[in-house]
Amino acid sequence: MSPPLLSVDGIWKEFGELVVLKDVSFDLERHQVLTVVGPSGSGKSTLLRCLNLLEPIDDGQIRLEGVDISDPEFDPDPVRRRIGIVFQSFNLFPHLSVLGNITLAPRKVLRISRPAAEEQARALLSRFDLIDKIDEYPDRISGGQQQRVAIIRALAMSPDLMLFDEPTSALDPELVGEVLDVMRVLAAEGMTMVVVSHELAFAREAADRVIFMDAGMVVEDGPPGQVLEDPQTDRARRFLRLVQEG
Amino acid sequence: MTEATTPRREPGISPGRARRLAVHQRQRRRSLAIGAASTVAVFGTVGLVVANSPGWPTVRQTFFSWEHLQASFPEIWSGFGRNVRIFLIAEVLILVVALLLAVIRNSRSPFLTPLRIGATVYVDVVRGIPTIILLYLLGFGVPALRLQGVPNSQEFWAIVTLVVSYSAYVAEVYRAGIESVHESQRSAARSLGLRSAQSMQYVVLPQAVRRVVPPLLNDFVALQKDSALLALLGVQEAFRESQIYVARTFNFTAYLAAALLFLILTIPLARFTDYLIRREQKRTAGTSL
Amino acid sequence: MKRTIVLLAVLGMVMTACATEGGDSTTTTGDSGVTSTEAPAPETTTTEPGPSCAKEDLNLVTPGQLTIGTDDPSFPPWFDFDGGPSTGTGFESAVAYAVAEELGFTADEVVWTVVPFNNSYAPGEKDFDFDINQISITEEREQAVDFSDGYYTVNQALLGFSDSEIAGATSLDDLKGYVLGAQVGTTSLDFIEEVIQPDADPLVFDTNADAKASFDAGQLDGLILDLPTAFFVSAVEIEGSAVIAQFPTGDDEGEQFGMLFEDGNPLRDCVNQALANVDLDAIQDEWLSDVVDAPIIETS
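Protein chains in written order, with our numbering: chain A, 310 to 555; chain B, 56 to 344; chain C, 51 to 350.
Hints are supplied without guarantee of correctness; some may be wrong.
BS3-like, lysine-lysine: derived pairs with alpha carbons at most 30 Å apart [as the list claims (entries may be wrong)]:
id, chain 1, residue 1, chain 2, residue 2
1, A, K442, A, K417
2, A, K442, B, K337
3, B, K337, A, K417
No wet-lab data here; the hints were simulated from the structure.
Kindly produce the complete structure, drawing on both the sequences and the hints.
The following block contains the structure:
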């Protein structure tokens with residue numbers, strides 16, 4: 310039996326005195342969609358940044374297809390190609406057009422030729438109904454469009470795993486839907502995803518698993534039906550009630 | 056549920072709208088008239104006061120003489136060509152050298168440590184020395200050593216001095232620009248798999264450079280003026296030509312002529328800088344920090 | 051946009067200011083408004099009875115004291131480099147003290163003040179009684195300042211390196227192909243531009259010190275200086291240099307050094323009286339006799 314795509318094994322992360330991640334462990338199989346929920350400060354974002362090696366962990370292991378990528382002597386750059394991340398604040402490159410944003414990494418990292426990279430970009434943009442924005446600069450398109458471009462930018466690297474760090478939290482409510490739609494499509498197509506989000510509806514529909522984190526620890530871990538409707542712990546219950554009321 | 060319909064616009068203009076338009080137009084015309092009248096009044100008064108002051112004829116003749124302007128202009132104009140040449144060459148070199156310095160100072164690789172130290176020392180030392188001292192050291196001092204293969208030309212050493220001096224300042228401008236690019240841009244670039252150097256080259260530097268174009272242009276204007284230092288090495292550039300004329304005739308209009316030539320370059324550049332600032336503000340307004 | 055309009059308006063005003071009213075092409079300053087306690091002196095240099103030149107009647111910047119200006123540093127053979135002008139060492143220092151003595155001043159009553167060469171002959175009020183600093187008497191300068199009678203006839207000279215090509219020059223034409231240098235605003239520069247007329251633009255410096263530095267660095271072929279200065283540089287200051295040639299001027303009297311006064315200063319006439327009683331030949335013998343007979347290149 311092949312190892313899970315992602316294996317997080319007892320990771321700890323400290324910022325000085327503050328322990329942000331405490332003994333976090335979970336496995337993720339290919340094609341699974343994992344949603345991480347929890348109050349702010351629970352370490353969700355840090356978890357994602359550790360997964361794509363933007364932050365080094367202090368203890369524990371992260372394995373990608375069985376290979377320990379968290380080893381300090383491991384070169385992180387090749388790994389980052391295989392893990393795509395979408396940020397809350399989009400982080401598009403303002404000095405490049407949409408096309409430029411999408412084709413930069415495939416050309417410079419994967420060494421794909423410019424025509425090939427542009428063709429791939431066009432295909433992706435068409436698929437997600439953004440082809441008419443191809444030559445626009447980020448400041449000319451809406452927040453929802455920017456985030457969808459950011460997702461496409463990550464997809465252009467053909468990652469094995471996509472991470473989403475509160476992708477809709479910075480969006481106006483009417484724009485949230487278009488981004489969630491893209492994520493639903495990706496999930497349906499079999500992309501392995503870890504999504505940190507408050508959008509519980511999305512979790513219910515698209516996620517295979519939900520993790521509830523609080524104060525750096527995994528408190529609940531199970532299918533959405535269980536974690537979201539019938540949580541085991543008080544903390545989870547309290548949090549979910551707050552979110553649902555909000 | 057019926058869809059809300061856009062209110063239909065009546066053809067023509069409603070009385071309310073017309074009144075608003077008329078009032079606005081009236082106000083605009085009034086502002087313009089007042090502005091024009093007060094400008095004429097102020098400048099006119101100043102002009103009258105100056106023209107009628109007792110010393111004015113002498114001042115006018117000494118500083119604003121049309122004859123002397125015409126007489127001195129040809130030499131000054133041809134001398135100005137030398138100024139233009141050296142500041143154009145110097146500017147290109149400065150932009151490159153300063154960028155190298157900034158990137159070196161920003162690097163983290165241990166291999167570059169001696170370069171990093173050298174760059175920091177260089178910037179600190181050079182920024183503290185008056186350019187004119189540098190010019191004498193490099194323009195007279197080094198040629199005096201009579202080293203083999205070292206060029207002797209005044210223009211060469213003036214350019215070297217300006218490049219050495221200005222690169223230190225411009226490097227700091229670049230550094231500020233690099234640091235002003237939010238860390239999240241770098242995170243995004245690295246997350247896509249770009250290596251550190253690639254992130255710098257394709258994501259951080261392009262944004263940093265665009266942001267610091269206004270201070271870079273300011274430094275360029277200062278450089279244009281400092282091209283007059285070339286005179287100290289003996290070259291007959293614009294300032295020196297005007298000085299020769301003044302020494303002969305005791306009329307200072309020639310200095311004004313030289314100043315005007317510099318202004319013709321620097322003022323459009325200042326306006327262009329303003330335009331670029333406005334354009335860049337619009338560009339980066341909508342994106343993430 | 052508004053700022054551009056304003057700036058254009060200002061520029062326009064400046065140009066208008068220049069354009070209106072033709073005026074003369076040569077300008078003089080207005081009267082420097084010398085306030086003197088006696089009637090203005092007649093513009094003659096005779097020793098006829100005029101205003102008194104008794105010491106207590108002299109028109110001075112500071113009463114009881116003779117304030118003389120010269121540049122700093124001051125060079126031999128005109129002054130003493132280390133000790134400055136007040137040592138009495140050097141041709142001009144000796145002349146100055148001799149004139150002072152004739153006017154009735156003791157050495158203690160002579161005070162020296164620094165006046166950069168470029169400022170001395172410019173029009174305007176002066177903070178010295180007279181300036182002595184190898185200043186040649188020229189018509190243009192006389193429009194801005196007054197000069198005493200000449201106290202030294204000066205030849206321009208060419209300083210070059212004895213092992214260089216220019217050392218073989220024997221005529222004005224020979225010099226046309228070289229890069230020459232001189233200080234700005236000097237008759238030496240005028241000599242280059244009007245008499246020698248070289249093909250290449252000469253190098254022009256703020257001070258003689260800069261000119262010498264450039265020459266020493268091999269950046270120019272020859273410096274034009276007055277003969278005694280050129281000789282001093284070649285003998286003492288720059289090794290390997292020599293006075294390649296001297297150029298006697300065509301005029302009867304030749305180029306003359308004069309003491310420089312503020313325009314209209316009556317002190318000038320008293321100084322001329324004093325100068326007439328000074329034995330210039332003796333002073334010249336003492337300080338300038340070493341000046342070598344450099345080869346002569348005729349200029350006419």
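For the pair supplied as a hint, K442 (chain A) and K417 (chain A), confirm whether the alpha-carbon distance does not exceed 30 Å.
holds, 23 Å
30 Å limit on alpha-carbon distance, applied to hinted pair K337 (chain B) and K417 (chain A)
Between K337 (chain B) and K417 (chain A) the Cα gap is close to 28 Å, so the pair holds against 30 Å.
30 Å Cα cutoff - pair K442 (chain A), K337 (chain B):
holds, 18 Å
This entry satisfies every hint, going by the numbered hints stated previously.
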